[in-house]
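Chain F: place on chain X using the hints.
The listed protein sequences correspond, in order, to chains X and F. For the first sequence, numbering that gives the first Met the number 0 assigns the number 0 to the initial residue and increments by one for each residue that follows. For the second sequence, numbering that gives the first Met the number 0 assigns the number 0 to the initial residue and increments by one for each residue that follows.
These aren't lab readings, by the way, just hints derived from the structure by calculation. Just so you know, even glycine gets a beta-carbon here, dropped at the ideal spot from N, CA and C. There may be inaccurate statements among the hints.
What the hints assert, rightly or not - Footprint (simulated), chain X over chain F, 3 or more residues, beta carbon under 8 Å: (1) 65-76; (2) 118-130; (3) 133-144; (4) 249-258; (5) 301-310.
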Amino acid sequence: MIFLNQILQGVLLGGYYALIACGLSFMFGVMGVINLAHGSLAVVAAYALFVLADRFGVEPFLGLLIVAPAMGLVGWALQRLVLERSARGGLLVPVLSTFGLSIILDNLMFQGFGADTRSLAPYIGDLSYDSWSLTDDIAIGKLAALTMAVAIALLGGIEAFLSRTLIGRAIRATAEDPDTVGLVGINARRVNAIAAAIALATVAIAGAFLGMRATFDPYAGAAQLIFAFEASVIGGAGSLWGTLIGGVVLGVAQSLGAMISPQGFFIAGHLAFLAVLFARLFFGSLGARVRSALAGGARP
Amino acid sequence: MSAVNGAAVERWTPESRIAIAAAAVVVALLAVGPAIFSANAVDKLTTLFIYVILALMWNALVGFCGLVSIGQQAFFGLGAYAAIRLANWGVSVYPSLFLGALIVGALSWPLSLVMLRLKGGEFAIGMWVVSELAHLLVNLDTLVRGETGTSLIELDAYASGSRRALTYWCALAAMTGLVAIVFWLLRSPLGAAIQAIRDNEEAAESIGVRVARAKRLVFTLTAFGAALAGALWVATALTFQPKAYFSPIWTAYMIFMALVGGLGTFEGAILGAVVFFAIETWFGDMGVWYLVGLGATALIFALLFPRGLWGWVEDTTSLRLLPIGYRLRRGNGMNRAKGREPDAGEGGAGGS
Chain X
0 MIFLNQILQG VLLGGYYALI ACGLSFMFGV MGVINLAHGS LAVVAAYALF
50 VLADRFGVEP FLGLLIVAPA MGLVGWALQR LVLERSARGG LLVPVLSTFG
100 LSIILDNLMF QGFGADTRSL APYIGDLSYD SWSLTDDIAI GKLAALTMAV
150 AIALLGGIEA FLSRTLIGRA IRATAEDPDT VGLVGINARR VNAIAAAIAL
200 ATVAIAGAFL GMRATFDPYA GAAQLIFAFE ASVIGGAGSL WGTLIGGVVL
250 GVAQSLGAMI SPQGFFIAGH LAFLAVLFAR LFFGSLGARV RSALAGGARP
Chain F
0 MSAVNGAAVE RWTPESRIAI AAAAVVVALL AVGPAIFSAN AVDKLTTLFI
50 YVILALMWNA LVGFCGLVSI GQQAFFGLGA YAAIRLANWG VSVYPSLFLG
100 ALIVGALSWP LSLVMLRLKG GEFAIGMWVV SELAHLLVNL DTLVRGETGT
150 SLIELDAYAS GSRRALTYWC ALAAMTGLVA IVFWLLRSPL GAAIQAIRDN
200 EEAAESIGVR VARAKRLVFT LTAFGAALAG ALWVATALTF QPKAYFSPIW
250 TAYMIFMALV GGLGTFEGAI LGAVVFFAIE TWFGDMGVWY LVGLGATALI
300 FALLFPRGLW GWVEDTTSLR LLPIGYRLRR GNGMNRAKGR EPDAGEGGAG
350 GS
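Just chain X, with the same shape it has in the complex (with noise of 0.2 Å):
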C-alpha cells in the first residue's frame, strides 16, 4: 500500500514537473531555443506573487491576472531584444545568452529578497495541506491534484491553440519554415514573438505553484530548469503531450527512489533521465515513438 501510494505521488508531483515543463517544451518545439533562463523566470514569477501577496494583499490566484500577462510582455521582450539577435549569432549563442541572463535573474533576486526561503502557502488557506483520504494509507492532496489538472488543462489548450486558431497554425509554420512563412504573409518575427509570450505566460502559472506547493529562495531557478528539461526530454523535446508523460515518468521515479534514501528522491531522477537516453541510444527515438502514436489523433 505504501509503495501504491508512492506511485500515486509520484503521478501527482508528474504533474508539476509537467506545468514547468510546458513552457520550456512549447519555445524548444516551437522555436528551436533552449531558454536556460527559464527556471530563474519562473522563480521570478513567484517572488512576483509573493510580493503581490505580501504587500498588497492580493491571493496568487488573483495575482496571476497580473503577473501571467506580465510576464507574457517579458516574453515579448527576451525574443525581440536577447533571443533574436542570439540566434542571428549561431544555435549555440541562445544558451550562451540565456545562461548569462539565469546568473543576472538569480543574483539579482539574492540581492532583492536575500537568502530566506518564502512560500505562497501562507496566501491560499487550507488549499496548501488539504487532502481527500482514499483509503488509510493514500491521500490525494488538494493541490496536488489541482496542480495536475491545471497541467493538463494548459498542455491541451496550447495544443488546441497550436491546431484549430489561426496564430497557433502560424506558430507552426513559423516554425516548420521561418523564410517562406514570409511569402505568405506571416511576420515571423511577430509570431515568434507572441510564442514567447505565450511560453512565458504558462511560466507564471508553474512559478505560482511552485511557490504553492513548498519554498523557494533566488537560487530554485536551476533545480526547476533541471527538472523542466528532464521531463521535457524524457517525454521527446518539443512535445507537448509527451511532456505530461515526461513529468510523471520523472516524479514516480523520483517517489520510488525516496524510498531508498533521502537522497534517492534526486538520483533516481537523474538516473530516469540517463536511462531514456540511454534507452534511445539502443533502441531508437521511444519519444517520439510516443509521440506520434499520441499526436496521431490530434494532429490532422
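Using the frame of chain X, we list chain F on its own:
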C-alpha cells in the same frame, strides 16, 4: 608550401615565431617563480594557471567542437574528489592529482557515447544533469561527509612553503602541457576535422570527417583537463565541499572567459582567463553585484561581440600569434589574406 605566381600558403609567420619564443621564455621564467615571488603571488598565479586550463578546455569544447556544456563542473568536482579518494587510499598525494584526472577522463569516454547523442541546448543541460548526479553520488561516499565536505589532509605532510611551490609547479606543468596538447591537436588533421564539425557538421561528415570519433576525443580531453583543474584547485584550497566544486558557477566562469576572450580562438582562451583573473581580483569582494556583472558581461558579449576580444584583434589586424591555421601570402608579402575563411577552409580540406 607551394608558390604559385609568387603567392604562398604559409603557416608560420614572423609574429607567430616571436610569440612561440616569447611563450617559451615566459614559461621558463614562471618555472623559477616560487624562488622569486611572494607566497601570495605564487598562490595567485596558481589560481590563474587553473583558470587558463578551464578556459582552454571549455573553449576547445565549444569554440572548436560546437559543444556548449553547462556541466563541466562535473569533471571539475570529480577530479577533486578522485584526488582525495586516491590520497586517502594511500596513493602519494601529488601523483594522485594527475592519476585521478586520468581516471575521470577515462570515465568520460563511455559517458560521451550517451551524451553526444544530444544536440545543442539539450547537450548543454544534459551535461548539467550529469553534474548534479555526480555531485549526489560523491556525497554518498562517507569520506566526503555529505555537504560538510572534507579536505586533502595528506598535503599536511608537506611544509607550507614547499607545498605551495609544488602545487604551483604542478599547475604550471598542467597548463603548459594542456596548451601544448590543444595546440598540437588543432594543427593536426584531427584539429582541422574538429573545426570543420564546428562550422558545419553535416558538410564535414559528407566529406569523410569521422564526426563522432572526433567529438568523443575532444569531450574526453576536455573532461580530463577540467578534472585536472579540479584536482589542482583542491590542492590549493585544501578543503573539498561538494556544493562549491559541483556548482554551475564554474561553468559561468568558463563561459565568461571563453566569450570575453573569444570563442574558438586559441589565444582568446588565455586572454579571457587573464581578464577574468584581473576582474576577480578587483571586483571579487563585491559579492552578488560581481556575479551580476559577470552575467551581464557574458550576455553583452554573446549578443554584441560574439567573437570576443581576440576575435576583434584578429578581425582588425590579421595578427595571429599561434600558428594553427594556414594563410595565403601574396608574392610581395603585402595584403595578407584576412578573416577566418583561409584558416578553417584550408584546414578542413587537409582533414578529409
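Could you tell me which of the numbered hints above are not met by this structure, giving the numbers in increasing order?
none
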